[in-house]
Amino acid sequence: MPETKLEAHDSRPLISDPMISVCDLVVSYGERRVLNGINLEIARGETMVLLGGSGSGKSTLLRHIIGLERPQAGSIRVNGVDLATSGSKDLKKLRRSIGVAFQDAALFNSMSVEDNVALPLREHTRLPESTISLMTWMKLATVGLADSGKLRPQQLSGGMRKRAAVARALALDPEILVFDEPSAGLDPIVAAELDELILVLKTAFSMTVVVVTHEMASAFRIADRMAMLYQGSLIAVGSKEELKNSSHPRIRQFLDRVPDQIVDVGVIDKHFDEYLKGGLQ
Amino acid sequence: MISSLFEKVGKSTLRHLEYVGGITIQIGGAFGSLGQTLPLVGNRLRWRSAVRQMSAIGVEASPMVGIMALCTGFILAMQAASELHRFGAMNLVVDLVSIAFTRELGPLLAAIAVSGRSGSAFSAEIGSMVVTEEIDALRTMAIDPLEFLLAPKYLGTLIALPCLSILSNTCGILAGGLFMRFSTHMTFGVYLRDVFQAIILRDVITGLLKSVAFATIIVHVGCLEGFRVRGGPDAVGRSATSAVVKSTFLVILADVGFTALFYLIEGK
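Chains as they are written, first to last, in our numbering: chain A, 53 to 333; chain B, 7 to 274.
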């Protein structure tokens, strides 16, 4: 694992031959700047957790890393492919090496669970149907859904849907596995099961794992390193311990769950009394 | 005030140009992917999907199109007869119904039925896939959404709509025959003879050509409305409504264009 330090957002970590390298990434939607010069490197085989509050830009960064959006300024290299300049063939090839488990699973409701998992195999390989069935069963067994292949996604619980999405993401044996909010909407036990699954997959398949989350317990369980986004800027990159011990006010606020504005009930009461008096006069 | 007006006009123009640009790019992409849906030379999964679409768009819509055409045929024959019988020209009812259906009403009725039934379904299906990130999932699996979703629908509609137009022509003309049988005791054999004398092959072919154009409009407007969905489930509902309104409007607009074109060609 590379040596890590808690860095300011404008400094760049030095990792030789990183799997993912984001350099000066700027993203704006109209007048609104969503990502503001992001620099981040993720080593091969490491688990990077992207942390940040709602609207901090972590999902936008993830969409750029998986090639759903082209960089407007700056560059992103994933497994040696420059996403800003790559042609559609290179991008297609790269996408086959990235497995993505979306926040709401994004399973196709018109297909059974096993057809969902088999879809990438049917689309990108010329394997016979018997081999595809076997491989699909193995992927489902890996995530503990060997008996649920015939079910429709609507018949699965939230945790099972997420695991089915992981099985589909694993279908083409990707080098990079990406999770968008894996614990969102799950009870703590199911969320912990999913964390363990991520750890098992990482160990078993030596994958580079990128996880976007704001669930701190989950993040500290699975991360090798963490990166923290705040208002479109990367305010810290470091190990779990480094982030845990950070004195950065925004990181402390995030870790200690301190709200931005504390509602002063007294002020509301005062305004309400004044309003009532005004109304009565 | 004037600057605000210019701003509004400019924004509206840009929005419409963006729409036209989007649909042009989509049509280009769909033509590129259409080969993948063909049997033997294309991808067998796409061909299977196209066959399912043909069934959903064509076979399942045929009772509705047939009944609509029968009713319209009756209405047309009755309205025409009420005027023509005063001039003793009841035979012209046969010509009117036959020509009106093969040139115009058959393809138009079928297109309106498919626009309302399938255009909205395309939009709702794709729109809900956008909302639930299924389109993003396809892209991350290196599957082109145009090839996976749009191309089979396009091929299915390109085949189903002309077939529905022929069905609509047949039912409309049949309704005219039934009316003539009950009102003037014209035998069906005589009616058919008059029908074949009234219509020419070119009328049927121009009707089918229109169907192909209508199919292109319905599929591309429906799918584009779906792909442009942003937000939640309410946006999906709005896109389905918008797909039906826009595609029906554009079908009628295209029909005017085609009819004017054929009229000019015929006139020369």
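Take the hints with a grain of salt, since some may be wrong.
[Claimed, not checked] Computed far set for chain A versus chain B, every beta-carbon distance over 12 Å: (1) D156; (2) E175; (3) A198.
[To be verified] Derived SDA-like pairs: lysine to any residue, alpha-carbon spacing no greater than 25 Å straight-line: (4) A:K141 - B:A148; (5) B:K14 - A:K144; (6) A:K141 - B:G38; (7) A:K141 - B:K17; (8) A:K202 - B:L51; (9) A:K254 - A:G210; (10) A:K296 - A:R96; (11) A:K254 - B:Q32; (12) A:K141 - B:I31; (13) A:K202 - A:N161; (14) A:K144 - B:Q32; (15) B:K17 - A:S80; (16) A:K202 - B:W53; (17) A:K202 - B:R54.
Rather than coming from a laboratory, the hints here were simulated on the basis of the structure.
The beta carbon of each residue, even a glycine, is placed where N, CA and C say it ideally should be.
Hints, verified against the model:
{"no.": "1", "hint": "D156", "result": "violated (6 Å)"}
{"no.": "2", "hint": "E175", "result": "violated (5 Å)"}
{"no.": "3", "hint": "A198", "result": "holds (22 Å)"}
{"no.": "4", "hint": "A:K141 - B:A148", "result": "holds (10 Å)"}
{"no.": "5", "hint": "B:K14 - A:K144", "result": "violated (40 Å)"}
{"no.": "6", "hint": "A:K141 - B:G38", "result": "holds (15 Å)"}
{"no.": "7", "hint": "A:K141 - B:K17", "result": "violated (36 Å)"}
{"no.": "8", "hint": "A:K202 - B:L51", "result": "holds (20 Å)"}
{"no.": "9", "hint": "A:K254 - A:G210", "result": "holds (22 Å)"}
{"no.": "10", "hint": "A:K296 - A:R96", "result": "holds (24 Å)"}
{"no.": "11", "hint": "A:K254 - B:Q32", "result": "violated (39 Å)"}
{"no.": "12", "hint": "A:K141 - B:I31", "result": "holds (19 Å)"}
{"no.": "13", "hint": "A:K202 - A:N161", "result": "holds (12 Å)"}
{"no.": "14", "hint": "A:K144 - B:Q32", "result": "holds (19 Å)"}
{"no.": "15", "hint": "B:K17 - A:S80", "result": "holds (20 Å)"}
{"no.": "16", "hint": "A:K202 - B:W53", "result": "holds (24 Å)"}
{"no.": "17", "hint": "A:K202 - B:R54", "result": "holds (21 Å)"}
The structure fails hints 1, 2, 5, 7, 11 (numbered hints given earlier, in ascending order).
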